[in-house]
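Based on these hints, arrange chain E on the given structure of chain F.
Protein chains: 2
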Amino acid sequence: MATKAQRKVSRKKTARRSPASAAQRTARTMTNLSTLAQGVVKSSLAGREPRLEIPTRSAANTRWNKSRRILQMGTSTQERQLFNLGQARRFMQTMLHASSVKDLLEAEKTLSLRAMFYKSLHTISGTQEKTFDEQSESDGILEDLEVALGSLREELHIFAKKAGTMVGNITVIDTGDEINCRKMGSGGYAIPSIVEPDVIQFKDCEADYILHVEKNTVWSRFNEDRFWEKHNCILTEGGGQPPRGVRRMLHRLHNELGLPVYCLLDCDPWGHYIYSVIKQGSISLAFESQRLAIPDARFLGLRSEDYERCELSDDVQIALNQRDITRAKQIMNYPWFKDKRVWQREIRQMLDHGFKMEVESLITKDISYVTAEYVPRRLQERSWID
Amino acid sequence: MATKAQRKVSRKKTARRSPASAAQRTARTMTNLSTLAQGVVKSSLAGREPRLEIPTRSAANTRWNKSRRILQMGTSTQERQLFNLGQARRFMQTMLHASSVKDLLEAEKTLSLRAMFYKSLHTISGTQEKTFDEQSESDGILEDLEVALGSLREELHIFAKKAGTMVGNITVIDTGDEINCRKMGSGGYAIPSIVEPDVIQFKDCEADYILHVEKNTVWSRFNEDRFWEKHNCILTEGGGQPPRGVRRMLHRLHNELGLPVYCLLDCDPWGHYIYSVIKQGSISLAFESQRLAIPDARFLGLRSEDYERCELSDDVQIALNQRDITRAKQIMNYPWFKDKRVWQREIRQMLDHGFKMEVESLITKDISYVTAEYVPRRLQERSWID
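Each protein sequence line maps, in turn, to chains F and E.
As numbered in the numbering used here, the first sequence has no gaps in its residue numbers, which increase by one up to the final residue, 390.
As numbered in the numbering used here, the second sequence has no gaps in its residue numbers, which increase by one up to the final residue, 390.
Just chain F, with the same shape it has in the complex (with noise of 0.2 Å):
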């Protein structure tokens, strides 16, 4: 194992500037929306039906990569033809949002999703009909132009709501702005939610590893105790379900500076299934796992014999409902927790004790106990899951 000192000139390092710009990805990004343009309009001139082809996002066009522990899409594809009933209304949807993204680009501006369903709505001449019933139709849209152009939505200038904050020993980039994140007092950096190498650059980073909480108050307890200067590191919070903002994040900071990604989370199958999220990816956005999934995460806690080994009172507990372990049972059977006996002992032992926990009930023993005994004690005892 590298001295500390070593490992801090090697992640200088790996610290490297993104090898596309700003300019290149929006260029590349540029081309990707005219060759789909393209193609419609050759077909068009040629007397042939324009049509494109979208990658499936769906469950069954799912595939959990085994060697790179991400789950990832398959190679299933659909048409989207213009002169079929059912197909004609997103083939439509389709070109009037990769327009809009073409318009984005070229102002050099980003938009919401809300404002992207807004900027693409409209009554069809002639019709009643709307171009957008819903923003559930549109976000949907704009997912398949991700898969089609093989570009992040990021890449497309498009965000979403912001969620999550961070402190630590790291100074970033925003924008040209430097942002000292050992000097953001008791709020945090609010972390955006497009942290793309051209918005954000990682500066001068000391920091050991990544400390991911779930909760922005169990973070706001960690900051308080200056748990991050105690400790060398960076602390992070998701909101729960951490956006994709969040999870990009972590992961360009996972890989560019060689950071490991600890998560305290609670002992509930909700708990499990964000550590699943943040390690494995999501079926959501499965397009995405190699670009936000980080197969080495470390589940740090809670953990199920915790209840014994931190000598809790039966006040902690709280009940498992039906759903609960319904939820549970799935998860236990997710391809990467199966084979893994640590994971099947975790969720087993939970389902046996009947109660799920939270971190903010470590504070039955102390206000402090989290930041001063808990996460020190598993970081050196190095009691993890992986």
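Worth flagging that the hints you see were computed from the coordinates, not collected in a lab.
Don't take each hint at face value.
Stated by the list, open to error - Some but not every residue of chain E turned toward chain F, in silico, with C-beta under 10 Å:
| hint | residue |
| --- | --- |
| 1 | Gly-191 |
| 2 | Val-203 |
| 3 | Lys-219 |
Using N, Cα and C, we set each Cβ at its ideal position, and we do this for glycine too.
For chain E alone, kept in the frame of chain F given last:
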């Protein structure tokens, strides 16, 4: 009207230090806690039944203070007796939480509402009975304590889930860290849950006003267009209905720095209600109105008349449902809206239209219509409701 330079100076003068230091405020809260506890001890020793007097937090005990233009709590109180079967449990819970708050103040730490629930949670010895059944029970008792002690929740060292971000022409000091809100990139400064003067101080502020928007996606549009820089303001968002931290931040910026607050919210009952709460306070927090409500806050838009004024297409119309209509009529009858012809007209027009509109719908005009046209013109024409 003072010149701009004059206003700057006077604002800088106004940005004085808070009258009570953190230590003084903690000492005051401690004294109040002791008084509460000693009252109980004295009664017990004197052989009298221990009882507490708690101001009543209910709609019936909420008064509209017309001259101060804020919602306030009335004078009703309720007794909480130890030897009353219907009150003993809440008496015990109140004393338990009072003791937990004392622990927090002594440890100089803060806890979330959820963690406070756990902190005071235990099984009463010799019984199967828990001190609290669920968090909502605990939250209510904490609000009782606030009113009984006359202390802000923040002064009891209790925080809630945070939401909301800020950028603009101001530097704030947050727990000793200097945060330059002009250099916060695309993410922004996450507004903490506790923004009392011992945590947050204001340093340099050149801003002329605050623009508060409803959603963080709209905020991102304004931030990307660097609206706050071009128009010399502070830009905030509260993630829908702003939490206490954001309301208190707006209140302090408004009162201590003399900054007008302009709200850009959706043209629907939800947007109107957000404005109402920012301006006049809410029933559930009526006891905090004087520290949260901003009677001079202005409603900049969206206005029902914008449908015609901005020549919007019918695509932006979202039909009002029955719940919207009921809610709109309730809001029309709020005492502070009832006497205002312009608000009656505003809501009436929305009802007559039969549709609501979102700020995002302005995107149908142009990507940056809202930042480059809509808001600047409304401000220039002084076209707002207050």
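* Would you list, in rising numerical order, the hints stated earlier that this structure does not obey? => Violated hints: none at all, because every hint is consistent with the structure.
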